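Chemist: Residue numbering for the sequence shown follows numbering that gives the first Met the number 0, starting at 0 and increasing by one per position.
Accuracy of the hints is not assured; some may be wrong.
As the list claims (entries may be wrong) - Pairwise CB distance ranges (calculated): (1) Leu29 / Gly105: 31 to 39 Å; (2) Thr77 / Val10: 37 to 45 Å; (3) Gly94 / Gly8: 31 to 39 Å; (4) Ser60 / Val91: 36 to 44 Å; (5) Gly100 / Val38: 15 to 23 Å; (6) Thr1 / Ser55: 31 to 39 Å; (7) Arg33 / Gln98: 32 to 40 Å; (8) Glu18 / Ala61: 14 to 22 Å; (9) Asp84 / Pro54: 17 to 25 Å; (10) Thr1 / Glu103: 32 to 40 Å; (11) Arg28 / Gly126: 25 to 33 Å; (12) Pro106 / Val10: 36 to 44 Å.
Calculated from the structure, these hints are not laboratory results.
Keep in mind the model is a prediction, meaning the values are calculated, not measured.
We put the CB at the ideal spot given by N, CA and C, even for glycine.
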Amino acid sequence: MTLQRIEVGLVSADEALVEFFAAVFELERLPVVRSGSGVVHRLAAPGTQIKVMVPSRRPASAEQAGPFFHLTGVRYLTMYVDDLDGIVERAVAHGGRVQHGPMEVGPGMRIAVLQDPDGNAIEVVDGAP
């Protein structure tokens, strides 16, 4: 068996999250998939896909309890970029928030931790090996 790829799936009450990821990370919008349970939007960059499902019935909001590292489970995405400052600027302009940073964490490596409009944590890394 060979793992072919891993996709990340997010659930949102509306399409604002789709616009956020498309605009902030300059992701390509792929054709949407509609079903009785909702609409799945796919966003892509080389080797990566993010799916945002907007259910037909509005989902309940998950409670955010402090920083992502205070709870177990899947709590954040890591995105490797080459323009951290531009990403942070676009994230804030599209309804995101900066939780930490940008800050240097090693020679030539900077990170910021953002929150998307739904409150999901995104670690953004620039200069990673």
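Chemist: Decide, hint by hint, whether the structure agrees.
Modeler: Cross-check of the supplied hints:
Evaluation of the 31 to 39 Å hint for leucine 29 and glycine 105 yields a pass: the beta carbon distance comes to about 34 Å. One distance hint, 37 to 45 Å for the beta-carbon pair threonine 77 and valine 10, is violated here, with the actual separation near 19 Å. For the pair glycine 94 and glycine 8, the supplied restraint of 31 to 39 Å is violated, since their beta-carbon distance comes to about 20 Å. Checking the proposed 36 to 44 Å range against serine 60 and valine 91 shows it is violated: the Cβ atoms sit about 21 Å from each other.
Judged by the Cβ atoms, the range 15 to 23 Å given for glycine 100 and valine 38 is violated: they are separated by roughly 33 Å. Distance hint check: the CB atoms of threonine 1 and serine 55 are about 35 Å apart, consistent with the given range 31 to 39 Å. With their beta carbons about 34 Å apart, arginine 33 and glutamine 98 fall inside the hinted range of 32 to 40 Å. Under the hint 14 to 22 Å, the C-beta atoms of glutamate 18 and alanine 61, about 20 Å apart, fit the expected range.
For the hinted restraint 17 to 25 Å between aspartate 84 and proline 54, the CB-CB distance of approximately 35 Å leaves it violated. Restraint check, threonine 1 to glutamate 103: a C-beta distance of roughly 37 Å satisfies the suggested window 32 to 40 Å. Checked against the hint of 25 to 33 Å, the C-beta distance between arginine 28 and glycine 126 comes to roughly 28 Å, which is consistent with it. About 38 Å separates the C-beta atoms of proline 106 and valine 10, a value consistent with the hinted range of 36 to 44 Å.
Hints 2, 3, 4, 5 and 9, counting from the list given before, are not met by this structure.
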